[in-house]
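**Q** Sequences listed follow chains B and R, in order. Residues 1 to 144 in the numbering used here are what the first sequence lists, from first letter to last. Residues 145 to 775 in the numbering used here are what the second sequence lists, from first letter to last.
In case anyone wonders, no lab produced these hints; they're calculated from the structure. Check before you lean on any hint, since a few could be wrong.
[Unchecked claim] Listed next, the stretches of chain B that the computed footprint assigns to chain R, with coverage defined by at least 3 CB atoms under 8 Å from CB atoms of chain R:
1) 12-22
2) 26-32
3) 40-54
[To be verified] Derived SDA-like pairs (lysine to any residue); straight-line CA-CA distance at most 25 Å:
4) R:K422 with B:G131
5) R:K422 with R:A375
6) B:K110 with B:G131
7) R:K747 with R:P670
8) R:K422 with B:K110
9) R:K715 with R:G613
10) B:K4 with B:T130
11) B:K110 with R:T349
12) B:K111 with R:W393
13) B:K110 with R:A300
14) R:K423 with R:F406
15) R:K610 with R:A657
16) B:K126 with B:V77
17) R:K715 with R:Q623
18) R:K412 with R:A300
19) R:K423 with B:K126
20) B:K126 with R:K747
21) R:K412 with R:P392
22) B:K126 with R:P359
23) R:K295 with B:T130
24) B:K126 with R:A657
25) B:K110 with B:V100
26) B:K126 with R:A374
27) R:K423 with B:F11
C-beta: ideal position from N, C-alpha, C; glycine also.
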Amino acid sequence: MTRKIFIRTHFDLCTGCELCQLACSQRLLGGYNPHRALLRIAHARENLYHFPTVCSQCTNPYCATVCPVDAIERNAVTGAMVVDHDKCVACGLCHRYCPVQMIWIDPDLKKSVKCDLCGGDPCCVKACPTGALELATTGDDHDG
Amino acid sequence: MTADGYMGRFLVADLTRTEAWSVPLPAWLREGFVGGKGFGARLLCDLVPSGADPLGPENVIMFMTGPLTATAAPSMRACVVTKSPLTGIYLDSFFGGRFGPEIKYAGYDGLIVTGRAAHPTILAIQDDQVLFHPAGSIWGTDALTANARVKAELDAPEARVVTIGQAGENQVGFALISCEYNRQAGRGGAGAVMGAKNLKAIAVTGRRLVRVHDPVAFDAACRRAAADIAASDACSALTDSGTSNAVPWSNTVGTLPFRNHFDQVDAKADRLGDEGQKKHLFLGKAACHGCPIRCSQMGAVRTGRYAHMITDIVEYESAALMGSNLDIHDVRAVAHLVKLCDRYGLDSMSTGVVIAFAFEAVEKKVLSSPAGVTLAFGSVDGAEYLIRAIARQEDELGRLLGQGVKRAAVQLGKGSEAYALHVKGLEVPGWAPRGTPGMGLAYMTADRGACHQRGFMVAYEVGGEKFQGRPVDTYSLAQKAEILKDRQDYLAGLDALVKCDFGAFGVTSAHYAEMFNAATGRDVAPSFFNEVGERIWNQVRLFNLDEGLDARDDRLPRRFVDEPLPSGPHKGRRISDEDMDVLLTDYYCLRGWDSDGRPRAAKLAALGLQPSQRFEVGAPPRPLSPPTRDR
Numbered sequence: 001m002t003r004k005i006f007i008r009t010h011f012d013l014c015t016g017c018e019l020c021q022l023a024c025s026q027r028l029l030g031g032y033n034p035h036r037a038l039l040r041i042a043h044a045r046e047n048l049y050h051f052p053t054v055c056s057q058c059t060n061p062y063c064a065t066v067c068p069v070d071a072i073e074r075n076a077v078t079g080a081m082v083v084d085h086d087k088c089v090a091c092g093l094c095h096r097y098c099p100v101q102m103i104w105i106d107p108d109l110k111k112s113v114k115c116d117l118c119g120g121d122p123c124c125v126k127a128c129p130t131g132a133l134e135l136a137t138t139g140d141d142h143d144g
Numbered sequence: 145m146t147a148d149g150y151m152g153r154f155l156v157a158d159l160t161r162t163e164a165w166s167v168p169l170p171a172w173l174r175e176g177f178v179g180g181k182g183f184g185a186r187l188l189c190d191l192v193p194s195g196a197d198p199l200g201p202e203n204v205i206m207f208m209t210g211p212l213t214a215t216a217a218p219s220m221r222a223c224v225v226t227k228s229p230l231t232g233i234y235l236d237s238f239f240g241g242r243f244g245p246e247i248k249y250a251g252y253d254g255l256i257v258t259g260r261a262a263h264p265t266i267l268a269i270q271d272d273q274v275l276f277h278p279a280g281s282i283w284g285t286d287a288l289t290a291n292a293r294v295k296a297e298l299d300a301p302e303a304r305v306v307t308i309g310q311a312g313e314n315q316v317g318f319a320l321i322s323c324e325y326n327r328q329a330g331r332g333g334a335g336a337v338m339g340a341k342n343l344k345a346i347a348v349t350g351r352r353l354v355r356v357h358d359p360v361a362f363d364a365a366c367r368r369a370a371a372d373i374a375a376s377d378a379c380s381a382l383t384d385s386g387t388s389n390a391v392p393w394s395n396t397v398g399t400l401p402f403r404n405h406f407d408q409v410d411a412k413a414d415r416l417g418d419e420g421q422k423k424h425l426f427l428g429k430a431a432c433h434g435c436p437i438r439c440s441q442m443g444a445v446r447t448g449r450y451a452h453m454i455t456d457i458v459e460y461e462s463a464a465l466m467g468s469n470l471d472i473h474d475v476r477a478v479a480h481l482v483k484l485c486d487r488y489g490l491d492s493m494s495t496g497v498v499i500a501f502a503f504e505a506v507e508k509k510v511l512s513s514p515a516g517v518t519l520a521f522g523s524v525d526g527a528e529y530l531i532r533a534i535a536r537q538e539d540e541l542g543r544l545l546g547q548g549v550k551r552a553a554v555q556l557g558k559g560s561e562a563y564a565l566h567v568k569g570l571e572v573p574g575w576a577p578r579g580t581p582g583m584g585l586a587y588m589t590a591d592r593g594a595c596h597q598r599g600f601m602v603a604y605e606v607g608g609e610k611f612q613g614r615p616v617d618t619y620s621l622a623q624k625a626e627i628l629k630d631r632q633d634y635l636a637g638l639d640a641l642v643k644c645d646f647g648a649f650g651v652t653s654a655h656y657a658e659m660f661n662a663a664t665g666r667d668v669a670p671s672f673f674n675e676v677g678e679r680i681w682n683q684v685r686l687f688n689l690d691e692g693l694d695a696r697d698d699r700l701p702r703r704f705v706d707e708p709l710p711s712g713p714h715k716g717r718r719i720s721d722e723d724m725d726v727l728l729t730d731y732y733c734l735r736g737w738d739s740d741g742r743p744r745a746a747k748l749a750a751l752g753l754q755p756s757q758r759f760e761v762g763a764p765p766r767p768l769s770p771p772t773r774d775r
């Protein structure tokens, strides 16, 4: 098993400030809009709770399995599932079968978009002022 | 699409005609007035005819953003601007949360709502789509229930919504607008303006991007501003416990109102402050859009009579005006009263002052308690009774008090004006000014009536804040007008961005300028905000003068003038008529205003405030979207 980087979320520290989403949308699209970011925050119980959701970079990634053109592949360095926009045909199957709605067709790019962990140094984690998003590593480090 | 922090257009929604259209943002408005308060100040002058009924269809209610709203600039907000039904003059009210940015994500720098809907309506905006949706049974619900109901009704869980509660529907003079989520455009009765327009809610969803001129420079500037905040003790205190820690501090420096401002110290103040709130309420922190400070301390009442109620922090103003000023010290009970205000959609600040006025009027036998009700200082049940009566407007007492203390005192007579604590009709905030004459001047001259946010002189007079490197004398009248004018101009300039007051505790003017320049492509110096702010301040003054305001309105309530403080660090202090004359003469002179408080022609010319340009909403050239009628 390869080493995998992932973003661990801590809902108890999330304040719902959306700075992560602002950083993400700016990097992805060159402008700010939290709705277009590749992670989501759900606010619950009169704003008492904030639940961040990020792509799990699944071990069994349905998005990649259903992709008819094999456009979604695991990056060997980060372990992130990454969309190859040259291959993507924007069919939307990945979106349809993602259990946490963390991949979709962006209306401007007209391609499938999802978290690629920014190549290993996620801007959302850097933007988070409270540590609610944490960069973590999993996998078998002993093999190395 | 522009890449300058602006969206380049306003949305105009005419409720009478149920038509909506967009109007380009004129270059002269963008250059001269920047955004937020600046846009609102100018547009109110241009769009609302002199003498218009604030509750009539000709009044407009505007939700304005600034060039930094909705970006990653830390701690930004938006504002509501309208003609106030409480004061009859200019009103702006600032709100955080998530609604302001959404206006820009939908593609607009501001929403301009005019007219009056024939039936209770929800204005639903999804990018270019604008729908005048019937409010149906959502009309009659409280402000927070309405938020959930609107999202369900429109099948738009992601929508950012503003609502009014029953108080707004009933056009109470100090009804608020509840902004996604439970952040309030609280002061001056903007909720009543929505109610009078039959507008229960506005729901916005936007998919557009807000772009800045130089993203790399902007990111760097935002980091510097965030570093300012991280290094600021004042901001750190807000992160720790919001404004609750201001309660014991204010009590120590003798500015905490007690029993309708009878005194300015309260022996039990600590129960209402961070100590009491950490023990009884706080669970976690919540932040407004793009804010690293996270001053909002969310929690719940877990024990006692009001158990199992979710509550935000009891902010300083609420703790002071609904707590110590009513001689109520169980912070759980105060949280309950404030939550009632939030739900009914009442400004908890004005409501606290109104209740204190009523309690004192009963004490002085000018007003009598209804059968079975105790209206007296210390009575939570009495306060709750009045909140419900004011919001529902079903009886004489509720209708009397729902007008605010100024009109209630006129109606009640019998000397009650002496303890009706307002300036220009807006109830006095929770920073009691006897002993801090500069704060008195701030209340006298604040553009919307008694407001502590247009120049917080308490910080200089008893807080140790220096002005131009030098300490400021507490009781001296000298220099107070100079400091205040500087603060009023600077903060009005930042209110065009639109800043949050708490971010401005940390972020320097140089770093605001850097963010502004990188976002817009302009090249301004830090002094720019004072220049713009002075223009805005004078623009608002022109509106207020046009509405009949004059120098006699720039005065404090008689309690502060006639009654020396009974105890505390400022024992014996008051702000006399002579003091007010000195302060005001100084202030008018520095402002370039004549002795009647009117800007001189030379001042207006220097500020570029000749009426050569005028903003017009025009007629709908063509509807933005196919049928925008009721569904």
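**Q** Take the hints in turn and mark each one as holding or not.
**A** Consistency of the hints with the structure:
Given as covered by chain R, the region 12-22 of chain B passes the check, having 7 residues with a CB less than 8 Å from a CB of that chain where 3 are the minimum. Beta-carbon proximity to chain R at under 8 Å applies to 5 residues in the region 26-32 of chain B; the threshold of 3 is reached and the given coverage holds. Counting residues of the region 40-54 of chain B whose beta carbon lies closer than 8 Å to any beta carbon of chain R gives 7, which reaches the threshold of three, so the coverage claim holds. This hinted pair checks out: K422 (chain R) and G131 (chain B) have alpha carbons roughly 22 Å apart, not beyond 25 Å.
Taking the CA atoms of K422 (chain R) and A375 (chain R), the gap is near 24 Å; set against the 25 Å cutoff, the hint holds. Only pairs whose Cα atoms come within 25 Å are accepted, and K110 (chain B) paired with G131 (chain B) is rejected, the gap being roughly 33 Å. Note on K747 (chain R) and P670 (chain R): the hinted pairing holds, with a Cα-Cα distance of about 21 Å set against a maximum of 25 Å. With a CA separation close to 49 Å, the supplied pair K422 (chain R) and K110 (chain B) exceeds the 25 Å bound.
Distance check on the hinted pair: K715 (chain R) and G613 (chain R) sit about 29 Å apart at the alpha-carbon level, beyond 25 Å; violated. A distance of roughly 23 Å separates the Cα atoms of K4 (chain B) and T130 (chain B); the hinted pair therefore holds under the 25 Å criterion. Our distance criterion of 25 Å between C-alpha atoms is met by K110 (chain B) and T349 (chain R), whose separation comes to about 20 Å. A distance of roughly 55 Å separates the Cα atoms of K111 (chain B) and W393 (chain R); the hinted pair therefore is violated under the 25 Å criterion.
With a CA separation close to 23 Å, the supplied pair K110 (chain B) and A300 (chain R) stays within the 25 Å bound. Straight-line distance between C-alpha atoms of K423 (chain R) and F406 (chain R) comes to about 29 Å, which puts the hinted pair past the 25 Å bound. Distance hint between K610 (chain R) and A657 (chain R) is fulfilled; the C-alpha atoms sit about 22 Å from each other, no more than 25 Å. Our distance criterion of 25 Å between C-alpha atoms is met by K126 (chain B) and V77 (chain B), whose separation comes to about 20 Å.
Restraint check for K715 (chain R) and Q623 (chain R): the C-alpha separation of about 23 Å stays at or below 25 Å, so the hint holds. For the suggested pair K412 (chain R) and A300 (chain R), the alpha carbons sit about 46 Å apart, so the restraint of at most 25 Å is broken. As the CA atoms of K423 (chain R) and K126 (chain B) are separated by approximately 33 Å, the hinted pair breaks the 25 Å bound. For the proposed pair K126 (chain B) and K747 (chain R), the alpha carbon gap of about 48 Å is over 25 Å, so the pair is violated.
This hinted pair checks out: K412 (chain R) and P392 (chain R) have alpha carbons roughly 9 Å apart, not beyond 25 Å. For the given pair, K126 (chain B) sits about 17 Å from P359 (chain R) by alpha-carbon distance, which is consistent with the 25 Å threshold. The straight-line distance between the Cα atoms of K295 (chain R) and T130 (chain B) is roughly 29 Å, outside the 25 Å bound, and the hint therefore fails. Taken as a hint, the K126 (chain B) and A657 (chain R) pair is honoured in the structure, with Cα atoms around 24 Å apart against an allowance of 25 Å.
Under the criterion of a C-alpha separation no larger than 25 Å, the hint pairing K110 (chain B) with V100 (chain B) is consistent with the structure, at around 20 Å. Restraint check for K126 (chain B) and A374 (chain R): the C-alpha separation of about 15 Å stays at or below 25 Å, so the hint holds. Distance restraint check for K423 (chain R) and F11 (chain B): the Cα-Cα separation of roughly 22 Å lies within the 25 Å cut-off, and the hinted pair is therefore satisfied.
Checked against the numbered hints above, the structure breaks hints 6, 8, 9, 12, 14, 18, 19, 20, 23 and satisfies the rest.
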